[in-house]
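Asks: Counting along the sequence shown from 1, when you hit position 211 you're at 191 in this note's numbering, and nothing is skipped either side.
By construction, these hints were calculated from the structure, which means they are not laboratory data.
Among the hints, a few may not be true.
Stated by the list, open to error - Derived pair list, reagent style EDC-like, types lysine to aspartate or glutamate, alpha-carbon separation capped at 20 Å:
| hint | residue 1 | residue 2 |
| --- | --- | --- |
| 1 | K177 | D55 |
| 2 | K183 | D135 |
| 3 | K244 | D325 |
| 4 | K327 | E93 |
| 5 | K84 | D55 |
| 6 | K75 | E44 |
| 7 | K223 | E176 |
| 8 | K75 | E216 |
| 9 | K202 | D253 |
| 10 | K331 | D55 |
| 11 | K279 | D138 |
| 12 | K177 | D295 |
| 13 | K75 | E176 |
| 14 | K95 | D55 |
| 15 | K331 | D138 |
| 16 | K248 | E176 |
| 17 | K202 | D224 |
| 18 | K279 | D224 |
| 19 | K183 | D224 |
| 20 | K244 | E194 |
| 21 | K177 | D106 |
| 22 | K177 | E194 |
Stated by the list, open to error - The calculated label-pair distances, taken between Cβ atoms and stated as ranges, are:
| hint | residue 1 | residue 2 | range |
| --- | --- | --- | --- |
| 23 | G211 | V87 | 21 to 29 Å |
| 24 | D295 | D321 | 17 to 25 Å |
| 25 | K279 | S91 | 18 to 26 Å |
| 26 | C296 | H157 | 31 to 39 Å |
| 27 | S225 | P297 | 42 to 50 Å |
| 28 | K244 | T179 | 19 to 27 Å |
| 29 | D298 | P252 | 20 to 28 Å |
| 30 | K244 | V181 | 37 to 45 Å |
| 31 | E256 | K197 | 41 to 49 Å |
Even glycine gets a Cβ: it sits at the ideal position worked out from N, Cα and C.
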Amino acid sequence: MFISTKRAVALTCGIFVFVLLTGYQSIKYNFIPNPLQNVLKNGTFDRPGSLAELKPFWTTEQLEPRFAYVQYATDINYLCNAVINFNRLHRFGAKHNQVLIFPKAWVEGDSKEAKAIRNIQKALPDLVMRPFGLLTTHKGEATWSKSLTKFHAFDLTDYTRVLAFDSDSQILNNMDHYFLAPMAAVAVPRAYWLNEKDTPVVKQVLGSHVMLIEPNKSRYDKIVREALKSGDFDMEVMNHMFKDSAMILPHRRLALLTGEFRAKEHQKYLAPDDDEEWNAMAEVSRAYLVHFSDWPLPKPWLSRSDAQWKAALPDCPDDEEDKPDRPRCADRVMWEGFYEDYESDKKRYCKSWL
């Protein structure tokens, strides 16, 4: 009986070791799928559902972290832009909540903005509506005077983290993975177009048209006080308050400007790989967001003359030819595509109330 027991124990141990080794080899050589292998070398994922399966590695005071995309609108045109981008997020399979910040005056009444809000609520029943008071500055161009309103995103404290971006942008892809970045009060890309290669890090300018934020009431109050006291624009306020503490997000893919396709040189955008060849089609296919910025060409929802449009078109040399990985005059093709997509989306999502 004693010998049989020893044999039984030895046999059990042998089976246990065999199972462990077999399992390890199966994962190592892909006999059993390993969920970690869904993340590819270029930072993308090999199937649309992979992002939804990933969980933050950090903990929060909330039992389950809550994330949201946030846009703000201060007039009817920016309201249309926000609706376009929320719909584009749906099309790209974004999983997290979507929040619209807008003026309190639009909650009631018969103004075209108030009527639009009611129509949007019917069309997008899952959209979270957050009315706030306008934050304005009297400095500089009226175009940006209400841009401080974006800072209300810091007050969305029922969310663990929000990704706030200006609605004069165009969503190009799913951005869910940014919510899984390491914890930081604020994470932003640098305003690469304003920085030189030899500019010291401490003097490099932060962007503010896309911000990954951990909402916080005391931080929100401090930002609003600073903004109203200084009268500065949103980018100036962000740099004054977070230049030394913000986590830096890579600008490439996230902070692309339409004006980049009209530029002669692209080293600033391609940095740190500034010796890489610029490929307009490849950049668009990899990008998540593009910001309409083609001054003096008006924003796409404003009227423009034929002369303004022709003057803004990216170059298309007569001797340029197709290449295996891009068409002839790819800069112009991609650039015009942003404006064509905007017009198409505007008719599709805003025509009934704009």
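Asks: Next step is simple, just say for each hint if it's right about the structure.
Replies: Hints, verified against the model:
A distance of roughly 37 Å separates the Cα atoms of K177 and D55; the hinted pair therefore is violated under the 20 Å criterion. Between K183 and D135, the direct Cα distance comes to roughly 28 Å. Violation of the 20 Å bound is thereby established for this hinted pair. The straight-line distance between the Cα atoms of K244 and D325 is roughly 30 Å, outside the 20 Å bound, and the hint therefore fails. At most 20 Å may separate the alpha-carbon atoms for a hinted pair to count; K327 and E93 meet this at roughly 17 Å.
Proximity of K84 to D55 is assessed by CA-CA distance (about 12 Å); at most 20 Å being required, the pair is judged to hold. For the hint pairing K75 with E44, the CA-to-CA distance comes to about 15 Å; that is within 20 Å, so the pair holds. Proximity of K223 to E176 is assessed by CA-CA distance (about 17 Å); at most 20 Å being required, the pair is judged to hold. As the CA atoms of K75 and E216 are separated by approximately 32 Å, the hinted pair breaks the 20 Å bound.
Restraint check for K202 and D253: not satisfied, since their Cα atoms lie roughly 38 Å apart, outside the 20 Å limit. Of the supplied pair hints, the one linking K331 and D55 holds, its CA atoms being roughly 16 Å apart against a limit of 20 Å. As the CA atoms of K279 and D138 are separated by approximately 33 Å, the hinted pair breaks the 20 Å bound. For the hint linking K177 to D295, the alpha-carbon distance of about 25 Å lies beyond 20 Å, and the restraint is violated.
With a C-alpha separation of about 37 Å, the suggested pair K75 and E176 falls outside the 20 Å cut-off, and the hint is violated. Straight-line distance between C-alpha atoms of K95 and D55 comes to about 13 Å, which keeps the hinted pair within the 20 Å bound. A C-alpha spacing of about 33 Å is found between K331 and D138, which places the hinted pair above 20 Å, so the restraint is violated. Our distance criterion of 20 Å between C-alpha atoms is met by K248 and E176, whose separation comes to about 7 Å.
Of the supplied pair hints, the one linking K202 and D224 holds, its CA atoms being roughly 16 Å apart against a limit of 20 Å. Only pairs whose Cα atoms come within 20 Å are accepted, and K279 paired with D224 is rejected, the gap being roughly 32 Å. A threshold of 20 Å between alpha carbons decides the hint, and for K183 with D224 the separation of about 10 Å falls inside it, so the pair holds. Our distance criterion of 20 Å between C-alpha atoms is broken by K244 and E194, whose separation comes to about 37 Å.
The straight-line distance between the Cα atoms of K177 and D106 is roughly 44 Å, outside the 20 Å bound, and the hint therefore fails. Between K177 and E194 the alpha-carbon distance is near 30 Å, which puts this suggested pair outside the 20 Å criterion. Between G211 and V87 the beta carbons are some 27 Å apart, a value that agrees with the proposed interval 21 to 29 Å. Take D295 and D321: their Cβ atoms lie about 21 Å apart, and the range 17 to 25 Å holds.
Distance hint for K279 and S91: a CB-CB separation of about 22 Å, consistent with the stated range 18 to 26 Å. Checking the proposed 31 to 39 Å range against C296 and H157 shows it holds: the Cβ atoms sit about 35 Å from each other. Between S225 and P297 the Cβ separation comes to about 46 Å, which falls inside the hinted range of 42 to 50 Å. Under the hint 19 to 27 Å, the C-beta atoms of K244 and T179, about 20 Å apart, fit the expected range.
The hinted window of 20 to 28 Å between D298 and P252 is violated, with their beta carbons roughly 34 Å apart. The supplied range of 37 to 45 Å is broken by K244 and V181, whose beta-carbon atoms lie about 26 Å from each other. For the hinted restraint 41 to 49 Å between E256 and K197, the CB-CB distance of approximately 43 Å keeps it satisfied.
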